[in-house]
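**Student:** Chains as they are written, first to last, in the numbering used here: chain B, 1 to 337; chain W, 338 to 604; chain F, 605 to 1312.
These are calculated hints, taken from the structure and not from any lab test. Take the hints with a grain of salt, since some may be wrong.
Said to hold, decoys possible - As a list, the in silico DSS-like pairs of lysine-lysine whose alpha-carbon atoms are at most 25 Å apart: (1) F:LYS1310 <-> B:LYS5; (2) B:LYS68 <-> W:LYS425; (3) B:LYS5 <-> W:LYS425; (4) B:LYS39 <-> F:LYS665; (5) W:LYS432 <-> B:LYS5; (6) W:LYS432 <-> B:LYS60; (7) F:LYS676 <-> F:LYS638; (8) B:LYS226 <-> W:LYS432; (9) B:LYS39 <-> F:LYS724; (10) F:LYS1299 <-> B:LYS297; (11) B:LYS308 <-> F:LYS697; (12) F:LYS892 <-> F:LYS854.
What the hints assert, rightly or not - Derived list of chain F stretches under chain B, where covered just means 3 residues or more per stretch with a C-beta under 8 Å from a C-beta of chain B: (13) 1038-1044; (14) 1250-1261.
A virtual CB, placed ideally from N, CA and C, is assigned to each residue, including glycine.
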Amino acid sequence: MRPFKFTTVSDISSATNSVAGKPNARFLAGGTNLLDLMKEDVERPEELIDITRLSLAQIKPLTDGVNKGGISIGALGKNTDAANHPLIRQNYPLLAQAILAGASGQIRNMATNGGNLLQRTRCPYFYDVAMPCNKREPGGQPGCGAREGINRMHAIFGWSEKCVAVHPSDMAVALAALDAVVKVRSASGPERIITLADFHRLPEDRPEIDTNLSPGELITAIELPKNRFAEKSYYLKVRDRSSYAFALISVAAALEMDGNRVVQARIALGGVAHKPWRALKAEQLLVGQEATEANFKRAAEVEMADAKPLEHNAFKVELGKRSIVRALQVALTGNRS
Amino acid sequence: MMEDHNAPDLTEDEKKLFEDLMPEDLDEILDTGVNRRHFLKLMGLAGGGILAWQSAVAEQVFTRSPGGPLPDELSSAAIENGVAVSFKVNGTARKLTVDSRMTLLDTLRERLELTGSKKGCDHGQCGACTVIVDGRRVLSCLTLAATCEGRSVQTIEGLASGTAGTPDRLHPMQTAFLKHDGFQCGFCTPGQICSAVALLDEAKKGEASYVTESIRTKPGPVQLSNEEIRERMSGNLCRCGAYPNIVAAIQEVHSGKPVEQTWQLIG
Amino acid sequence: MQEKNKVTGTPVSRIDGILKVTGKAAYATDYPVKNIAYAVLFKSTIAAGTIRSIDTGPAEKSPGVLAVITHKNAPKLNVEGGIRGGALLQSPKIEFHGQHIGLVVAETYEQARYAARLVKVEYDQSKARVDFEKLSKEAALPKDKEKADAKRGDARAALQNAEFKVEAVYGTPIEHHHPLEPHSTIAEWQGDNVVLYNSSQIVNGAQNAAAATLNIKPENVRIVSPYIGGGFGSKGGQWANLVLTAVAAKAVNRPVKLALTRQQMVNSVGLRQQNHQKVSLAATKDGKLTALAHETTTHCAIENEFVEPCGDCSKIMYEVPNSLITYRVVPMNLILPTYTRGPGKSTGSFALESAMDELAHQLKMDPIELRLKNEPTRDPSNGKPWSSRTTVQCLQEGAKAFGWEKRKAEPRQNQQGNFLIGYGVACGTYPAHQRPSSARVTLNRKGNAITARVELAAADLGTGTHTILAQTAADALGLPLNQITVKLGDSDLPPAAGSVGSVGASSYANAVHDACVKLTDELIAKSGKQFFVRPTAAQLMVSENVADYQTRVDAKPPANADQYSSHSFNANFAEVRVDIATGMVRVTRFLAVTGAGKILNPKTARSQIIGGNVWGIGMALTEESVVDPRWGNFVTRSFGDYHVPANLDIGAMEAIFIREDDRASNALGVKGIGEVGIVGVAAAVANAVFNATGKRIRELPITPDKLL
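Looking at chain B on its own, in the form it has when it is part of the complex:
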């Protein structure tokens, strides 16, 4: 870990001002990923701005604006508090489950809601400074270690020759399914709103850029619109270990039903791409259809037809199909066993 200056700020404007024009300054919130990466010498900030004391932890119902009836989740609230807030457990159980599927109790007590979205990939080539990685060392010669390497954990959608990493967050997958938006502030200019769908990006030829957040921008809140998915939703996480492991595949599934007919469906996948992967084709196929296993399978087939697996992760295509079907079934029936 390189030496860095440590600064504590107490309000939003001093936070944004303190990083303005400093490309090597970083906000420090939960620190669960940033410190991990700094110890590996992957992140090399020269200054850390401790923002944990800003009052941005509140979770509250939205009484006006486009998301009226929805909810605002403070960026600096802890994951544990978001997952256990009565409004979220009652109205957005999918989000609560996704948060609880991630990491461990200790980490969820530390990690913030905004920080969760800014997690970086756990690609082992990214983490090991002895390995080539375009995300870690942009513009360098070496290239992507995983593209032709051990890529069992890597992407099957939206990857590029420069990067095949996946986004590690569970929370973000549920947020993608629930049409969340991210509110950000910077030293210059007004508050900006980014949809979750546009928040993370695909690697293309700039894999070093994970999100569409501009330099110096601070996430202040995540907003969720009102929905009718609370009755029927499920976050399924498939992993190599029963708990405390990153997803091979995860599925956030939610249904709004009219009798046995699907009014609206929401499906997003984790562990398959550089960003939470919204399964729009599958969703569209289900709308207006009966909620049957056959239709779930058709939807899954259609969505996974576009997958482009790498050498070691072809299993994710089949696993993705099965997981979509299972997640939809559990969402529909509430029966996990």
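Fit chains W and F to the given chain B structure using the hints.
**Tutor:** Frame of chain B, contents of chains W and F only:
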């Protein structure tokens, strides 16, 4: 479940132990003829209490007293980007200047002589460094000491009340870990116990986990199944594989009901 | 198992428990040594070649740095001194990815860690041999004579003519020990003497290896290692980090602390080798084995050979007239493999016991019945009588306790909702040996109060050694347990065997027992009296008015021990639940029935067995170290990538012990249990997965992708 066909009488030592465990019942039980089999079962149930009697020692070169005096301050050359921090550790106010890079874990271990918290991975992937900050379990290896200004930190050294190490003053979770043999090498144990202690509060607050079936129910105190305890303790790796014993220890404290230890000798 | 009026055999809680639950047990880096400096190692980023240049300038100038040590300035060390795995900074040669190439010592850990990143290295790279799948074709006979081809009868001919046969290759990946405590040392020189606070399963072995490598005498080295944060074989042999800490401390003339990082563990302290095991079984239609061939192909380091004995179980488990056990090994640019819990037996039993399950299925025979039909009355490998053998009891009692009759004979017949349920069984064994160990016992009397002190340089890596030795001494001296103090883990104490290969309990307990008996004998002799009833040492101290008395023995295994074949045996029963959609497997129930001689403490013994079972479940389901076949680096460097089982992976675990009074193996009839607990476990799980799903997985671990 000890199978013993001979069921010999208790030794004097065992009677003494029994006395320590449940003095009021001793005469009655001895009169009605407690045999070794019953005794062992009872001892299994009350195994924690065995400490009162069992003061055999595993000796080590030194034992340190928790919360001792602050060691000599490091020379200023050894601190870069120094940050002055005041916080409470196990109830005692501490004030020191740390390198901005120093984690809470390294501060506890290298500066405050509190080596109970362990460094198993230093990357938030094992839980051995778990401590309780402002009432919640966190990973001290991923917490910068510089962010701890004004916080209250509780470590394994601060769980036992009174003089640490005096058996009758152990935290109930420590006693339960002893009784249920919730460890082998003991390296992950401080983290496991801190995690378990905080977990009890989380259950009281009604916090949910990934295996909670009824996520939409209103948060309120919950009785945790063993499956719930397993999931909630999955952030604390134990390479010796003491998990079933850890779950038993936590369940006993959480439920307030004895959890029996079972093994059999056959033949 | 306990005898009348004895504390041995009772489930006493660990006597070191209070120190452990209060955080006061001191592991290697916990010692409050004053004026300490911190060392951080840096490692090669290639797998084969030589260091062309190494620029330590920026690191040396970095704040707080006291020294940077590389092959260019390291003192001359004896590379034949007994340190495993090389990497002693003696030459610019690189033999594996992540080889230590230097270390930085600084005032603080933060400064050392940062400066280690500033060292710039250029290499002349040569072609690395790191792709096992390709290189395994070049594998040849090991140099180790124990690994020569072992033939009985003509297995190949018998296989050719067999009515029923199984021929399959079983793959087990590289695994890492990953004790929760990374290998750590504090070195403190006092003149010519160095104290090494270290994590050592073999205290005297560490002392001798450190001394020889440093070119000093063993008496100049003191190892202090009473508490060890897990070892599992990786802290049996000693690795370069131990000696390099001493080198660093000498260089800066201050005590130095060096702890490996978790990421450094993958290429610093050995590993369990990857194995291809071809097992061939031939049988008659009524299930009598006619041939068993177990052919292992594996890898070792470029310079040094280590081959875990995968064929050991196959040598002795079944009565079979034609047997063939072979090993082939290929040197690779990877760190030296080493002993890993249940070396050879855990991985070998996965192959053998999976094959037995395949054969049973082919024969449409219950797998327990198949095993019972092939039970040998003597050790088939050498004709020696068993000191005891409990396989049949383990299987039969286990079947009863587990509810084996509920198993569906045909696979994929037990579906419950989204899950398939399956049962599996597999046997295991591990040799039981006593090794020479010394022990010193001191009695002290104040009035009528007697206390005893038991001392030897044994190790307790969570095995319960402190406790069982206190129990042994209490009974042998006639003292209550609370009057016993046990001191271990210090090379200044009488020398003892290592806590490796399941020899600890028998070697130490017999030594302590012998010392107590000798002490009593000496007190009797000293009294000059004759006794009708043999008094205890405690009684003699009072009756003979002795204030202090000390004795020591150098205990040896019984002279006739090698007339017998002495082993622990077990049978493992697993119930698994496989998610039909996702392929995720949970071991919902597990039972190990073990015959391991006298159980000194059922509480700690049960924990040991269950711990071994958890390791076996990890081997079966989650653990795999992956090498990038292009560069020889480990892709799985962290606990995030290498999946040690987590709490939720482990279901209901049960342990049953078979009572044994096996005095042929050693005087106390104590056999070790540290290793046998893992043997057979992975096969029991894999067999249960087959019973659940109909899918036979021959490549561990059984991750979800393999069951789709």
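**Student:** Next step is simple, just say for each hint if it's right about the structure.
**Tutor:** Hint check results:
1. F:LYS1310 <-> B:LYS5: 48 Å, violated
2. B:LYS68 <-> W:LYS425: 43 Å, violated
3. B:LYS5 <-> W:LYS425: 24 Å, holds
4. B:LYS39 <-> F:LYS665: 20 Å, holds
5. W:LYS432 <-> B:LYS5: Since the Cα atoms of W:LYS432 and B:LYS5 sit roughly 20 Å apart, the hinted pair holds (cutoff 25 Å).
6. W:LYS432 <-> B:LYS60: 37 Å, violated
7. F:LYS676 <-> F:LYS638: 29 Å, violated
8. B:LYS226 <-> W:LYS432: 48 Å, violated
9. B:LYS39 <-> F:LYS724: 18 Å, holds
10. F:LYS1299 <-> B:LYS297: Holds, at about 23 Å.
11. B:LYS308 <-> F:LYS697: 42 Å, violated
12. F:LYS892 <-> F:LYS854: 64 Å, violated
13. 1038-1044: violated (count 0)
14. 1250-1261: With 4 residues closer than 8 Å to chain B, the stretch 1250-1261 of chain F meets the three-residue bar; holds.
Violated hints, in rising order: 1, 2, 6, 7, 8, 11, 12 and 13; the structure is consistent with all others.
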